[in-house]
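Participant: Read top to bottom, the protein sequences are chains S and L.
Numbering of the first sequence is given in my numbering, commencing with residue 1 and proceeding in unit increments.
Numbering of the second sequence is given in my numbering, commencing with residue 1 and proceeding in unit increments.
The hints are simulated quantities; they were obtained by calculation from the structure and are not laboratory data.
A hint or two may mislead.
Simulated pairs of lysine to any residue, SDA-like, Cα-Cα distance not exceeding 20 angstroms [unchecked claim]:
{"hint": "1", "chain 1": "S", "residue 1": "Lys296", "chain 2": "L", "residue 2": "Lys31"}
{"hint": "2", "chain 1": "S", "residue 1": "Lys15", "chain 2": "L", "residue 2": "Lys210"}
{"hint": "3", "chain 1": "L", "residue 1": "Lys34", "chain 2": "S", "residue 2": "Ser337"}
{"hint": "4", "chain 1": "S", "residue 1": "Lys246", "chain 2": "L", "residue 2": "Ile87"}
{"hint": "5", "chain 1": "S", "residue 1": "Lys333", "chain 2": "L", "residue 2": "Lys139"}
{"hint": "6", "chain 1": "S", "residue 1": "Lys4", "chain 2": "L", "residue 2": "Ile87"}
{"hint": "7", "chain 1": "L", "residue 1": "Lys139", "chain 2": "S", "residue 2": "Ser12"}
{"hint": "8", "chain 1": "S", "residue 1": "Lys397", "chain 2": "S", "residue 2": "Leu436"}
{"hint": "9", "chain 1": "S", "residue 1": "Lys246", "chain 2": "L", "residue 2": "Ala188"}
{"hint": "10", "chain 1": "S", "residue 1": "Lys4", "chain 2": "L", "residue 2": "Asp90"}
{"hint": "11", "chain 1": "L", "residue 1": "Lys31", "chain 2": "S", "residue 2": "Lys397"}
{"hint": "12", "chain 1": "L", "residue 1": "Lys31", "chain 2": "S", "residue 2": "Leu338"}
{"hint": "13", "chain 1": "L", "residue 1": "Lys140", "chain 2": "S", "residue 2": "Leu11"}
{"hint": "14", "chain 1": "L", "residue 1": "Lys31", "chain 2": "S", "residue 2": "Glu245"}
{"hint": "15", "chain 1": "S", "residue 1": "Lys296", "chain 2": "L", "residue 2": "Glu113"}
{"hint": "16", "chain 1": "L", "residue 1": "Lys119", "chain 2": "S", "residue 2": "Phe6"}
Just so we're clear, the structure is a prediction, and the values are computed from it rather than from any experiment.
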Amino acid sequence: MDEKRFEQLLLSVQKPGRYSGGEINSVIKDKNKVDVRFAFCFPDTYEIGMSHLGMKILYSLFNEREDIWCERCFAPWIDFEKVMRENGIELFGLESREPIKNFDFIGFTLQYELSFSNVVNMLDLAKVPIKAKERTALSPLVVAGGPCACNAEPLADIVDIFFLGEGEKVDLEVIDLYKSFKEKNGSKQDFLRAAAKIEGVYVPSLYDVSYNDDGTVKSVTPKANAPKAVRKRVEKNLDDTYYPEKFVVPYIEIVHDRAVQEIFRGCIRGCRFCQAGYIYRPVREKSIDTINRQAKALCENRGYDEISLSSLSTSDYRNIEPLLNELISWTEKDGISLSLPSLRIDNFSDELLEKISGVRKSGLTFAPEAGTQRLRDVINKNITEQEIISTCRTAFKGGYTAVKLYFMMGLPTETDEDIKGIADLAQKIVDEYYSLPEKPKGKAVNVSISVSNFVPKPFTPFEFWPQITREEMVRRQQYLKECIHSRKIIFNYHENRTSFLEGVFARGDRKLGEVIIKAHEKGCKFDGWDECFDLDKWLEAFKECGINPEFYANRMREYTEVFPWDHLDYAISKDFLIKQNELAKKAQTTEHCRKKCALCGANVFGEGVCFEKR
Amino acid sequence: MKNVRLFYKKGGRMRFISHLDITRFMARIIKRAKLPVWFTEGFNPHPYITFALPLSLGHISEYDIMDIRLCDDDYDIEKLPETLNAICPDGIRFFKAAEPKLKTAFVAFAQFEIEFDDKGELLKPLSDFLKSESIEVSKKTKKGDIKTFDVKPKIKDFSLNENGNTVLKITLPAGSEENINPELILTAFFGSGVTNYSCYTVTRKSILDKDLNLFE
Ligand code: SF4
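Can you make the complete structure from the sequences, with help from the hints?
Facilitator: What follows is the structure in structure tokens.
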């Protein structure tokens, strides 16, 4: 399509800036001078994808190499998709505006299950055959990574290669292998077999899955010398791991428009519902020097006025106070505000708190996740009511009037008493406020509770549990509503239909691939967006494929069952998960990695928290 | 304190960036260039920047104006375009920095050049259309209802040419008092049913004061 016509069409959509490219620090290369072209696809909107750290890292890492040109690609919003389809525009890379179907790699990052239909839709828009076996040529290869690769089975018939774990090394190794095959005109089949030998590479077509009569997996058998289990890759030393000095600076407003500095990977806590807490183990920290140097470079190159530290449970960084003091020593001078997204406020000095904008702006936030101490012990969330109340008290005295609490509903062993506990806790905070003589004068307190639906995920101690049914979600939400008596408490809850679909795919198997394709044909896309999500279409698709979604979401699994993800080795032993689940049933907690090793299995990498002195 | 007027062109992929996004972008560029800019006071200080005349999304501009305020009176402003261009994408090119001659409130007209993708086919019908006694156009008011009015008396000047394609040059009221977007007229033209739709590109060539002198 000629440039002029294309640009005219762009002007007919809502936010052309999503598709125009040309941002500062975006990379343009001479296509005749590169050997490998890579389309880095984020299966959601530009605004969401551009806020994502993993994409920024890999985009820069790939483009550092002279022989690779990596471009970005996002899911076009409904209005532009229509324009594309009507005018025969194929999905293109933002930088070159050339169709990605002619690229060597089409790589997706899988951040959430609800983006699966967008993966299929994007392949369709690219005019690339959706099923892996229909793509017989060596390229384009469809590859995928990200947290959902840990149970990628629903996409097993669609994706050629999954990257398990952290991508910095394995991606480049696969690209190099590909280059050698491209040079000698090798076949896709041979390439995939060779790639499967690289640690962290999962080639789903090299595994045969058989099923029992009841629909559960009977066995997964590797072919062609593929490994029996594929182990995830981790970066051993984060101080030596590549980190970009500059990010692409978007023109249009995105979700998080700021410099992001990673400080560690993994999480020591072991909350039993949290997949991220297990699949990114073990905890590995960057040194203060590294963080300081990288953060400085980012601010230098970006002109941003905010830098955000990124990690799970940020305050678990061992030297957090010295780190913050070091950063504040120059950010303050340069007019850059520092923010910490996930923070436990309890262990900070007031003086330090004052300086951190994220805390100042967003008010008080807690994630007790469950309403009673018993259930918090079940999920191993070690935060007590007393801690919450006393932190609130201090904050109220300091002039705060708003508190935000995050909970989950449908956790294993949850009863109505636990639900009521959510309302009770919120009420206690309200009462605490009014009992304080020093409360801010003339102001009302505001306690908001946000309740999401628990989704059992692979590689967590709760991977065996059923998700509660949609009817039960509605009942519990209703019950909670009845338990709230104060107008000072605002109750927000999460839609049950999307949670259900997420629950199906989180622990899905290969049979779901057909369903995703069928749902795509019915027009499903952007399932994470209320205005697009249509559960009825999904249910039709399940029905037409003869698949009962409740089998995946709402069924209790035995310890002996073979799971669709059992051949993916995230270095979390099943014995450990079973033991944790048994402790959970008895409401017994487990100490975090720094207090005592719980022998999860992540020490096989020979690095990180497992080897710190306790 | 020293007021500085920066003149720049906007085109290429920057065409697709709205005025609001351009404001944020410019603030960032200024910050990145480490210019000694004056910051607004108040709760959320930001560099003081004003634009003479917002540009519609999709239009190219060969004459855009942005004012900043520098704290350092001795700052050599001649180098400013070069400094800023070094960190700007190709779509933004600064070509001049000078002390403002008029306040931005004195912007009165803008001159546009519109090139159609029509192989000259529109030359005649467009000329007839623009020469008609009155040209009814509709505009959404701020309140959201549609207002219809005759735009003909407001057209200060126009000329038509052909270079293989039809090219229209037109001068229209611009600024805070009255502002007419050339697209209004084009929409009316294509809506009149005398021709088929054709793609076109709108370029703002200049900004003028009330005496039709270049606004500087
Ligand atoms: S092996 Fe021990 S210290 Fe290492 S991540 Fe697992 S529980 Fe934590």
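Participant: Determine for every hint whether it applies to the structure shown.
Facilitator: Now for the hints, and whether the structure bears them out:
1. Lys296(S) x Lys31(L): The given pair, whose Cα atoms are some 15 angstroms apart, holds under the 20 angstroms limit.
2. Lys15(S) x Lys210(L): 34 angstroms, violated
3. Lys34(L) x Ser337(S): Measuring from Cα to Cα gives roughly 17 angstroms; hence the hint holds.
4. Lys246(S) x Ile87(L): 13 angstroms, holds
5. Lys333(S) x Lys139(L): Distance of about 48 angstroms is beyond 20 angstroms: violated.
6. Lys4(S) x Ile87(L): Violated. Lys4(S) to Ile87(L) sits at ~27 angstroms, over the 20 angstroms cutoff.
7. Lys139(L) x Ser12(S): Cα-Cα ~18 angstroms, so holds.
8. Lys397(S) x Leu436(S): Judged against 20 angstroms, a Cα distance of about 8 angstroms means the pair holds.
9. Lys246(S) x Ala188(L): Measuring from Cα to Cα gives roughly 46 angstroms; hence the hint is violated.
10. Lys4(S) x Asp90(L): 18 angstroms, holds
11. Lys31(L) x Lys397(S): With a Cα-Cα distance of about 37 angstroms, the restraint between Lys31(L) and Lys397(S) is violated, given a limit of 20 angstroms.
12. Lys31(L) x Leu338(S): 17 angstroms, holds
13. Lys140(L) x Leu11(S): 19 angstroms, holds
14. Lys31(L) x Glu245(S): 18 angstroms, holds
15. Lys296(S) x Glu113(L): The given pair, whose Cα atoms are some 45 angstroms apart, is violated under the 20 angstroms limit.
16. Lys119(L) x Phe6(S): Status holds; Cα separation ~18 angstroms.
Consistency with the previously given hints fails for numbers 2, 5, 6, 9, 11, 15, ordered from lowest to highest.
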